[in-house]
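Residue numbers (this note's numbering), protein chains in the order written: chain A, 1 to 113; chain B, 1 to 112.
Possibly wrong hints are sitting among the right ones.
Dumping the calculated DSS-like pairs for lysine-lysine here, alpha-carbon to alpha-carbon at most 27 angstroms [as the list claims (entries may be wrong)]:
{"id": "1", "chain 1": "A", "residue 1": "Lys53", "chain 2": "B", "residue 2": "Lys58"}
{"id": "2", "chain 1": "A", "residue 1": "Lys9", "chain 2": "B", "residue 2": "Lys37"}
{"id": "3", "chain 1": "A", "residue 1": "Lys41", "chain 2": "B", "residue 2": "Lys42"}
{"id": "4", "chain 1": "B", "residue 1": "Lys68", "chain 2": "B", "residue 2": "Lys57"}
{"id": "5", "chain 1": "A", "residue 1": "Lys19", "chain 2": "B", "residue 2": "Lys42"}
{"id": "6", "chain 1": "A", "residue 1": "Lys40", "chain 2": "B", "residue 2": "Lys111"}
{"id": "7", "chain 1": "A", "residue 1": "Lys38", "chain 2": "B", "residue 2": "Lys37"}
{"id": "8", "chain 1": "A", "residue 1": "Lys41", "chain 2": "B", "residue 2": "Lys22"}
{"id": "9", "chain 1": "B", "residue 1": "Lys68", "chain 2": "A", "residue 2": "Lys22"}
{"id": "10", "chain 1": "A", "residue 1": "Lys22", "chain 2": "B", "residue 2": "Lys37"}
{"id": "11", "chain 1": "A", "residue 1": "Lys19", "chain 2": "B", "residue 2": "Lys22"}
{"id": "12", "chain 1": "A", "residue 1": "Lys38", "chain 2": "B", "residue 2": "Lys22"}
{"id": "13", "chain 1": "B", "residue 1": "Lys42", "chain 2": "A", "residue 2": "Lys18"}
{"id": "14", "chain 1": "B", "residue 1": "Lys71", "chain 2": "A", "residue 2": "Lys41"}
{"id": "15", "chain 1": "B", "residue 1": "Lys68", "chain 2": "B", "residue 2": "Lys58"}
Anything over 12 angstroms on all C-beta distances counts as not near chain B; from chain A, calculated [unchecked claim]:
{"id": "16", "residue": "Ser20"}
{"id": "17", "residue": "Ala92"}
{"id": "18", "residue": "Phe104"}
Where chain B lies over chain A, by a calculated footprint (3+ residues, C-beta under 8 angstroms) [as the list claims (entries may be wrong)]:
{"id": "19", "stretch": "22-28"}
{"id": "20", "stretch": "47-60"}
{"id": "21", "stretch": "76-86"}
Rather than coming from a laboratory, the hints here were simulated on the basis of the structure. Backbone N, C-alpha and C define an ideal beta-carbon position, used for all residues, glycine too.
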Amino acid sequence: DTEVTQTPKHLVMGMTNKKSLKCEQHMGHRAMYWYKQKAKKPPELMFVYSYEKLSINESVPSRFSPECPNSSLLNLHLHALQPEDSALYLCASSLTSGADTQYFGPGTRLTVL
Amino acid sequence: GENVEQHPSTLSVQEGDSAVIKCTYSDSASNYFPWYKQELGKGPQLIIDIRSNVGEKKDQRIAVTLNKTAKHFSLHITETQPEDSAVYFCAASSTNAGKSTFGDGTTLTVKP
Numbered sequence: 001d002t003e004v005t006q007t008p009k010h011l012v013m014g015m016t017n018k019k020s021l022k023c024e025q026h027m028g029h030r031a032m033y034w035y036k037q038k039a040k041k042p043p044e045l046m047f048v049y050s051y052e053k054l055s056i057n058e059s060v061p062s063r064f065s066p067e068c069p070n071s072s073l074l075n076l077h078l079h080a081l082q083p084e085d086s087a088l089y090l091c092a093s094s095l096t097s098g099a100d101t102q103y104f105g106p107g108t109r110l111t112v113l
Numbered sequence: 001g002e003n004v005e006q007h008p009s010t011l012s013v014q015e016g017d018s019a020v021i022k023c024t025y026s027d028s029a030s031n032y033f034p035w036y037k038q039e040l041g042k043g044p045q046l047i048i049d050i051r052s053n054v055g056e057k058k059d060q061r062i063a064v065t066l067n068k069t070a071k072h073f074s075l076h077i078t079e080t081q082p083e084d085s086a087v088y089f090c091a092a093s094s095t096n097a098g099k100s101t102f103g104d105g106t107t108l109t110v111k112p
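Please put together the full structure from these sequences, using the hints given.
Put into structure tokens, the structure is as follows:
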């Protein structure tokens, strides 16, 4: 199984809402990532978890809060987002956080009204 | 940190022609260079990769070459087909970086 799943596929939320994105992999990977992707742009790294510990936070605003409950699950909690946060949010995993292939999920299309 | 430049940003070819996309990187410690294909509405998917101890790798119609001295690597697609139309991203990472750095992407259009 080389699949990374993400839920929901689409999410529309107001600026005062709280919502969560979920990501799951069962490949035994020990690194998991959150990316933000705007149209016609490359994925922009937000967070990296390595062995369930946050190893990289690319200066992401605190309205985005990641969580790694176990080695297979990754959540991204959203609160008080801005319209400019509307984007495709991609989750990825790799064997380690070093020089390994990243496997991407299909993404969650987020719209902030 | 690592910086990856990718060219061209758009590429249009006739079906059956070859397509070449080039990337340069800045960090000599980078030792892993994957290429990802992203179709509309999907996440990026690995199509081929190369490590720094290899100069060339081929998988059917797709090949990647690496020149460590010049710090550049290229994706070659031969006998292009309409289903090759997508956005292609190169990336570079090192064992200790903890992350990959992506190029800005190339939109490839294959005209039937």
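* Quick one, are Lys19 of chain A and Lys22 of chain B close enough, alpha carbons at most 27 angstroms? -> Violated, at roughly 40 angstroms.
* Assess, step by step, whether the Cα of Lys41 of chain A is no farther than 27 angstroms from the Cα of Lys22 of chain B, and give holds or violated. => 17 angstroms, holds
* Given pair status - Lys41 of chain A, Lys71 of chain B, alpha carbons within 27 angstroms -> 23 angstroms, holds
* **Hinted pair Lys38 of chain A and Lys22 of chain B, Cα distance within 27 angstroms** => Judged against 27 angstroms, a Cα distance of about 22 angstroms means the pair holds.
* Would you mind confirming whether the straight-line C-alpha gap from Lys22 of chain A to Lys37 of chain B stays at or under 27 angstroms? => Given that 27 angstroms is the threshold and the Cα spacing comes to 23 angstroms, the pair holds.
* To do: Decide if the proposed pair is consistent with the structure: Lys68 of chain B and Lys58 of chain B, CA atoms, cutoff 27 angstroms inclusive.
  => Holds, at about 18 angstroms.
* Asked: Does the no-contact call for Phe104 of chain A survive, Cβ to all of chain B over 12 angstroms?
  -> Answer for Phe104 of chain A: violated, closest chain B Cβ roughly 3 angstroms.
* Under the criterion that the straight-line Cα-Cα distance not exceed 27 angstroms, is the pair Lys41 of chain A, Lys42 of chain B satisfied? -> 14 angstroms, holds
* Can the restraint linking Lys40 of chain A and Lys111 of chain B be considered satisfied, given a maximum Cα separation of 27 angstroms? -> 20 angstroms, holds
* **Within 8 angstroms of chain B (C-beta), three or more residues of the stretch 47-60 of chain A** => holds (count 4)
* If you look at each residue in the stretch 76-86 of chain A, do at least three have a Cβ nearer than 8 angstroms to any Cβ of chain B? -> violated (count 0)
* Pairwise hint evaluation, Lys57 of chain B against Lys68 of chain B, where the allowed Cα distance is 27 angstroms at most -> 14 angstroms, holds
In summary, the structure is inconsistent with hints 1, 9, 11, 17, 18, 19, 21 from the numbered list given earlier, while agreeing with the others.
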